[in-house]
Structure formats: C-alpha cells, structure tokens
Amino acid sequence: MIDDPARTKELIGRMEAQVPIPARPTSSLVRVMRDKGAKFSRDRILYIKRIFYGGDEGGILCDVTPSEESTEAYVVSLTHLEIPSRHPLAREIRAYQRERVRRIRAAGSSSQSRSPES
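The sequence shown begins at 450 in my numbering and counts up one residue at a time.
None of these hints come from the bench; they were simulated from the model.
Everything numeric in this text was worked out from a predicted model, so none of it was measured.
Among the hints, erroneous ones may be present.
[Said to hold, decoys possible] Below, a list of computed lysine-lysine pairs in the BS3-like style, where the Cα atoms sit at most 25 angstroms apart:
#, residue 1, residue 2
1, Lys498, Lys458
2, Lys498, Lys485
3, Lys488, Lys498
Using the sequences and the hints given, assemble the complete structure.
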C-alpha cells in the first residue's frame, strides 16, 4: 500500500478546509502540460480548488483549472505541485509528497527485482 488511508483522509479534510490553496507546477508538470497545448509556466500560480482521492494508484488529486472559462479541466497529482512554504499546510503536504514518491520508487524497484529473467 502506498498511502496510509487514515492519514491521507485527514490531510484531504484539512486541505478542503483551506481551499483555494496556491501552488506552483513542478517542471515536469509544466513540460507535460505544454506538450498538451496548455499555457503553463513555473512562474504561474495555480489554485487548488477541489481535492479528490485517486486511490493508491493516483493519490491525492487536485483541480487546478485556471478559470471558469477554461474548456478543459486540469486535475493533477499533488506530487506535481509545490505549495508555498508559508502556507499552514505546507509541511504536512510536503511530507505526504516525499513519502508517496519514496513508496512509489520502492514499489517500482521491488517489482523489478521480482520480474523473471529472460
């Protein structure tokens, strides 16, 4: 299991109480969004408006759709957003992000070591 269900649910509740939450996209998110034709930059402040849980596979997902006029919704993983250090939940969110990335990497390396040799 990648996420601790109780802690994740708790964090989601605290985040929902704080929306909108300002965030900056990571460089990797900017690249992906530009490839899809979206005008994203590292300097652009996005606002988390809604939070969803995508299960162990998706983790905490955030709606950062720029405006109501947008024709597309942008729902991205919390691990691809950077929360300003002054935000009240910044430390807790960063801890979730680090732990999730660590567990995903660990799960990936353990599944590779179990794969049969060709």
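Status of the hints after comparison with the structure:
For the suggested pair Lys498 and Lys458, the alpha carbons sit about 17 angstroms apart, so the restraint of at most 25 angstroms is met. A threshold of 25 angstroms between alpha carbons decides the hint, and for Lys498 with Lys485 the separation of about 21 angstroms falls inside it, so the pair holds. Between Lys488 and Lys498, the direct Cα distance comes to roughly 19 angstroms. Compliance with the 25 angstroms bound is thereby established for this hinted pair.
Violated hints are absent here; each numbered hint is respected by the structure.
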